[in-house]
Amino acid sequence: AQSVTQPDIHITVSEGASLELRCNYSYGATPYLFWYVQSPGQGLQLLLKYFSGDTLVQGIKGFEAEFKRSQSSFNLRKPSVHWSDAAEYFCAVGATGFQKLVFGTGTRLLVSP
Amino acid sequence: DAMVIQNPRYQVTQFGKPVTLSCSQTLNHNVMYWYQQKSSQAPKLLFHYYDKDFNNEADTPDNFQSRRPNTSFCFLDIRSPGLGDAAMYLCATSTGYALAGSSGANVLTFGAGSRLTVL
Chain F
1 AQSVTQPDIH ITVSEGASLE LRCNYSYGAT PYLFWYVQSP GQGLQLLLKY FSGDTLVQGI
61 KGFEAEFKRS QSSFNLRKPS VHWSDAAEYF CAVGATGFQK LVFGTGTRLL VSP
Chain V
1 DAMVIQNPRY QVTQFGKPVT LSCSQTLNHN VMYWYQQKSS QAPKLLFHYY DKDFNNEADT
61 PDNFQSRRPN TSFCFLDIRS PGLGDAAMYL CATSTGYALA GSSGANVLTF GAGSRLTVL
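Here the protein sequences line up with chains F and V, keeping their order.
Letter 8 of the first sequence, counting from 1, is numbered 8 in the numbering used here, and no numbers are missing.
Letter 69 of the second sequence, counting from 1, is numbered 69 in the numbering used here, and no numbers are missing.
Excised from the complex, chain F in its bound form:
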């Protein structure tokens, strides 16, 4: 069964600084990988996804993520963080067949002025 680890529970970044959120997954085959963002009291919004092909994927709101098979990682990056990016970020892994997404425990991003 697949699993996801997000090692950072909280991260604080200054506005305008770069951001990298870590995600490590465990799955025996090629995974389907996702990053979702959740603002307080809201549902989850898809930021980006990786299925195959180019290992650097671009998403919405200026986010990108890089799939590194050798490291079993799918880290999320943004070159310049905005105050509106403060939210909780979830990495998720899925597989073919029934799409049971397995989520990590999330990383809460705080943006300081």
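I should point out that these hints are in silico values taken from the structure, not numbers from a laboratory.
Predicted model, so just to flag it, every value in this text is computed and none were measured.
Incorrect hints may appear among the rest.
Unchecked claim - Per label pair, the in silico range of CB-to-CB distance: (1) Asp54/F with Glu57/V: 31 to 39 Å; (2) Thr20/V with Ser112/F: 19 to 27 Å; (3) Gly96/V with Arg77/F: 26 to 34 Å; (4) Thr20/V with Pro79/F: 23 to 31 Å; (5) His82/F with Leu119/V: 37 to 45 Å; (6) Ala29/F with Thr60/V: 24 to 32 Å; (7) Thr105/F with Asp62/V: 32 to 40 Å; (8) Asp59/V with Arg108/F: 31 to 39 Å; (9) Arg77/F with Val12/V: 36 to 44 Å; (10) Thr30/F with Thr20/V: 35 to 43 Å; (11) Arg9/V with Thr105/F: 37 to 45 Å; (12) Pro61/V with Ile9/F: 25 to 33 Å; (13) Arg79/V with Thr5/F: 45 to 53 Å; (14) Leu46/F with Arg79/V: 27 to 35 Å.
Claimed, not checked - No more than 16 Å apart at the CA atoms, straight line, and that leaves these computed lysine to aspartate or glutamate pairs for EDC-like: (15) Lys100/F with Glu57/V; (16) Lys100/F with Asp85/V; (17) Lys38/V with Asp85/V; (18) Lys61/F with Asp85/F; (19) Lys38/V with Asp54/F.
As the list claims (entries may be wrong) - Computed far set for chain F versus chain V, every beta-carbon distance over 12 Å: (20) Gln45; (21) Gln58; (22) Lys68; (23) Val81.
C-beta: ideal position from N, C-alpha, C; glycine also.
Chain F is already provided as a structure; the job is to place chain V on it using the hints.
Frame of chain F, contents of chain V only:
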């Protein structure tokens, strides 16, 4: 805009008093899911419907039931809520199951959630 709508957004109930949460979608997606998300935890899948076929997760308590009367609507029934059932309940939809090499069938679209408080 096509979307997933959950009602109510906030529900307060008493210990043991049944609750029903609803989810509607205008996406015409085949699959509808219910996730439970407790505070500071990852969303956890409770069950899903593929069309009319119900699929329960092995560890979902019997206290949780679901109905899907038509393509557009899906309901989550909590028969006797306990304090431990206080959580955000997320409905999601997808077009279908993922096929190897596909690029879209397994993307989930989430509603805004229903937050349940049990007194």
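So, going through the hints one by one against the coordinates:
| no. | hint | in the structure |
| --- | --- | --- |
| 1 | Asp54/F with Glu57/V: 31 to 39 Å | holds (33 Å) |
| 2 | Thr20/V with Ser112/F: 19 to 27 Å | violated (42 Å) |
| 3 | Gly96/V with Arg77/F: 26 to 34 Å | holds (31 Å) |
| 4 | Thr20/V with Pro79/F: 23 to 31 Å | violated (45 Å) |
| 5 | His82/F with Leu119/V: 37 to 45 Å | holds (38 Å) |
| 6 | Ala29/F with Thr60/V: 24 to 32 Å | holds (26 Å) |
| 7 | Thr105/F with Asp62/V: 32 to 40 Å | violated (26 Å) |
| 8 | Asp59/V with Arg108/F: 31 to 39 Å | violated (26 Å) |
| 9 | Arg77/F with Val12/V: 36 to 44 Å | holds (40 Å) |
| 10 | Thr30/F with Thr20/V: 35 to 43 Å | holds (40 Å) |
| 11 | Arg9/V with Thr105/F: 37 to 45 Å | violated (24 Å) |
| 12 | Pro61/V with Ile9/F: 25 to 33 Å | holds (27 Å) |
| 13 | Arg79/V with Thr5/F: 45 to 53 Å | violated (34 Å) |
| 14 | Leu46/F with Arg79/V: 27 to 35 Å | holds (32 Å) |
| 15 | Lys100/F with Glu57/V | holds (10 Å) |
| 16 | Lys100/F with Asp85/V | violated (21 Å) |
| 17 | Lys38/V with Asp85/V | holds (8 Å) |
| 18 | Lys61/F with Asp85/F | holds (9 Å) |
| 19 | Lys38/V with Asp54/F | violated (35 Å) |
| 20 | Gln45 | violated (7 Å) |
| 21 | Gln58 | holds (14 Å) |
| 22 | Lys68 | holds (20 Å) |
| 23 | Val81 | holds (22 Å) |
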